[in-house]
Amino acid sequence: MKELLLEVLGWLGYLERPAVLLQVSLTVAVMLLCRAARRRRWLRRFPALLYTPLGLAALGLIITVLSHLQQPFGLMRLLGLLWLGSFSLTLLHWQLGRWLSAPRLHQLESRLLRPAYLLMAGLLLISEVDSLRDLAVAPLGELFGVQLSAGKLFHALVVTYLVLVGCGPPAAGLAWLAQRAVGFSDGSRKAMELMLRYTVVALGLVAVSVHLGLNTTALIAVAGGLSVGLGFGIKEVFSNFVSGLWLLFEGSVRPGEVLMIDGDPCEVRQLGLRATLLWRDRDNAELLIPNQTFFTTAATSYTASDRMRRSQVSVGAAYHHDPAAVLALLEATALEVPRVLPEPAPKALVLSYGDFAINYALRFWIANPMDNIGICSEVNQAIWRAFKAHKIEIPFPQQVEYSMVWPPEQHQTNTGRP
Amino acid sequence: MLYIAVGTNADQTISAELVEEFNNRLQLMEKGFRQIHPNTRFQFSLYPEDKLEAAIRMRNRAGLGPDLVYTNGDTALRLMQQGLVDPYPATPALLHLFNPEEVARLRSRKGELAGLPVILQTQMACFNREAIPQAPASLNALLTTGARGHPIGLSVDIFNLFWTAGSLGAVTAVDQVVEGRQPSTRELGRMERWLAWLQEASNQQWVTFYANQESLEAEFMARRLDWIPCRSTALSRLRQKLGRALGVGTLPAGPQGPASPVNRVRVFALGTSSSAAGRERAISFIRFSVNPLMQRQITMASQNVLPANRFVKVPVRSSNVLQAMVTAEEQGGQVNKLNALLHTNDPRIAKSQQLITQLVFGEVSPAEARRALTQILRPPRAAR
Chain A
0 MKELLLEVLG WLGYLERPAV LLQVSLTVAV MLLCRAARRR RWLRRFPALL
50 YTPLGLAALG LIITVLSHLQ QPFGLMRLLG LLWLGSFSLT LLHWQLGRWL
100 SAPRLHQLES RLLRPAYLLM AGLLLISEVD SLRDLAVAPL GELFGVQLSA
150 GKLFHALVVT YLVLVGCGPP AAGLAWLAQR AVGFSDGSRK AMELMLRYTV
200 VALGLVAVSV HLGLNTTALI AVAGGLSVGL GFGIKEVFSN FVSGLWLLFE
250 GSVRPGEVLM IDGDPCEVRQ LGLRATLLWR DRDNAELLIP NQTFFTTAAT
300 SYTASDRMRR SQVSVGAAYH HDPAAVLALL EATALEVPRV LPEPAPKALV
350 LSYGDFAINY ALRFWIANPM DNIGICSEVN QAIWRAFKAH KIEIPFPQQV
400 EYSMVWPPEQ HQTNTGRP
Chain B
0 MLYIAVGTNA DQTISAELVE EFNNRLQLME KGFRQIHPNT RFQFSLYPED
50 KLEAAIRMRN RAGLGPDLVY TNGDTALRLM QQGLVDPYPA TPALLHLFNP
100 EEVARLRSRK GELAGLPVIL QTQMACFNRE AIPQAPASLN ALLTTGARGH
150 PIGLSVDIFN LFWTAGSLGA VTAVDQVVEG RQPSTRELGR MERWLAWLQE
200 ASNQQWVTFY ANQESLEAEF MARRLDWIPC RSTALSRLRQ KLGRALGVGT
250 LPAGPQGPAS PVNRVRVFAL GTSSSAAGRE RAISFIRFSV NPLMQRQITM
300 ASQNVLPANR FVKVPVRSSN VLQAMVTAEE QGGQVNKLNA LLHTNDPRIA
350 KSQQLITQLV FGEVSPAEAR RALTQILRPP RAAR
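Protein sequences, first through last, are from chains A and B. Take the first sequence: its letters are residues 0 to 417, numbered as in numbering that gives the first Met the number 0. Take the second sequence: its letters are residues 0 to 383, numbered as in numbering that gives the first Met the number 0.
Please note that a few of the clues may not be correct.
Stated by the list, open to error - PhoX-like cross-link-like pairs, simulated, lysine-lysine; straight-line CA separation at most 25 Å: (1) A:Lys151 to B:Lys50; (2) B:Lys30 to A:Lys1; (3) B:Lys336 to B:Lys350; (4) B:Lys350 to B:Lys50.
If you are wondering where the hints come from, they were derived from the structure by calculation, not from laboratory data.
Between the sequences and the hints, there should be enough to build the whole structure, so can you do that?
Pasting the structure below:
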């Protein structure tokens, strides 16, 4: 490691050369000028996006001049190309934005495109000043008796990163194919996708270990050490991980499921290694709940066997209306609301005789449990309109006021009788 | 800081061991040099010899080229002809330290010197002393050793196989062909006998031809071969694997004379991107590396290279390896002309190797191979 650091620090010695200093200074100057020009809008009618091509053109001009003067220009050209690459990523962002959703695009850029660009830029810059093959064999130390070189570690990290980031789309594709072939539910597809990802990541990590030359005895020793660690320090982490896997196999908590959390329906968005991410419609909050919670506490699900939910609204009608007519009207009204399922049929019930109204309940089925609040609102509005049309009164609370006299024996009711 | 680009030969894989080996050798020089120039630090980069040109061209274009290039003499000359290294400003007194023939090989037509010779890497015979007590002294003895059940390895790589040409008297014919002259019938006959011997050797049960020197050495280190021709640069690797079992001797002579090993002169050439101070340091370091004290230290510490400074006497009585290397240096004089005319990257080398492969596999007869080789080795203008 020390040798590698000394090697990297040694590259600073190139700044002693006037040709290198000139190229670096000119490139940085053009970049800073371009940035300042864009921020302060020096060219008022010039579109902001075109400032970078203008800077690149200026850089190209300087390179041509240096070339004619037979001065070194390769470093400047490389820095210019890297600048062009960075600008191309910006353009690509605009283009991809048309086809991909914002989160997907962000994921693609932050996890693949930008790291790949930075990696390539780094390798290109290093190859200008040193031999990559030579650096690749630089020893970094020992790991379980295996000599670790910079190249080996670099390959291992790149492969691990690619496995972690890149296994998503193939796993999703395979799970989709399996769903088409076997015909299981969306939840099962997502569960299969996640399990495939875990399998690929596990295999990838084993492959990387083998590539590094770690022997199986060392890996078993690590596993033994981990098992002791699990008993103490990272018990909760491991417990959450195993709970997550178990829940996936069991199928009770899978992406797309709707669970009741603190009385609110929440949709499972992602079942992670440690925690489950849920989305609560009420306030658009995302809840991160440790997997272990679902494993050890009871949870209400609306999507275990199907996605239908039975919902209910309550309403009161005046005593002088025939309950049979009110019940029929309520059921008919529910059927008119588009998002209320016709089957099973809505059912109205007389719940109780209240102080000033007969209390009714209207029960109906909906297809998506997450839509409950919105559909209840629609049903309530429909009941109001139907009652108005059929002149059914929703009574206000009624009270009879009369003045008390003293002594109470002289008190009389409104009818005049004691 | 002094940046050095090092060209590694085809039989040297860039590995941690090679980097360490070069680092140790450089540290030896660095230690001495820093006594005179305390603030100088060194950084070296290894490139395969065939990629060196492209790498230096790219780095020079960026102004990030090395201050020094440590490479084979012929590569240095080629780099200078392409403007990738600067001519070395040598004084007659300095050049007097070296073998005039070697210096002449480093000069361009304009008389410019591509670099200063630093060390000589030789070709010798390596054998497993536990299997063979002594290195076979002649080609017949070599085949007899093979016939006794000791596996012998040879490489079809023409540079590593050319030592057999001297033993069978084919060097003159090859030299004449490469020069563009027509060899006499007698010389052509010797050339054919050389090729016939190669084919005959490949027919032996215990003689195996390998595609390159690297696989030959790997087999030897795995003790699956008892005798191979080897490069002096490989000795430290071979010593590490075989320990005391490693025997080093001279290559077998033949009916027509001694073997003709192709030795390599390693030179320091000046990069073109150095600052004024960097150039001064580089020249100073080259001069330092060829002083007799340093040359002796390099030779004695590594025991796998010879000094380029001809006034440094090698204590041959102290070591069989040094003795074998000095013999190889003397024998290598036979191929000086060839070395000057045929560089390692010459396309004729690859074609010859292809032909030799066909020959040892019995696809062409020695007579056909001789005709084809004569055609291949002719200089491009004469071939037309």
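Legend entry - Distance restraint between lysine 151 of chain A and lysine 50 of chain B, which requires alpha-carbon spacing of 25 Å or less: This hinted pair holds, its Cα atoms lying about 22 Å apart.
Inset, instruction - For the pair supplied as a hint, lysine 336 of chain B and lysine 350 of chain B, confirm whether the alpha-carbon distance does not exceed 25 Å. - result: holds, 20 Å
Legend entry - Pair hint lysine 30 of chain B and lysine 1 of chain A, alpha-carbon separation not exceeding 25 Å: The hint holds at about 19 Å.
Inset, instruction - Compare the distance between the alpha carbons of lysine 350 of chain B and lysine 50 of chain B with 25 Å, and conclude whether the hinted pair is satisfied. - result: Given that 25 Å is the threshold and the Cα spacing comes to 20 Å, the pair holds.
Every hint from the earlier list agrees with this structure, and none is contradicted.
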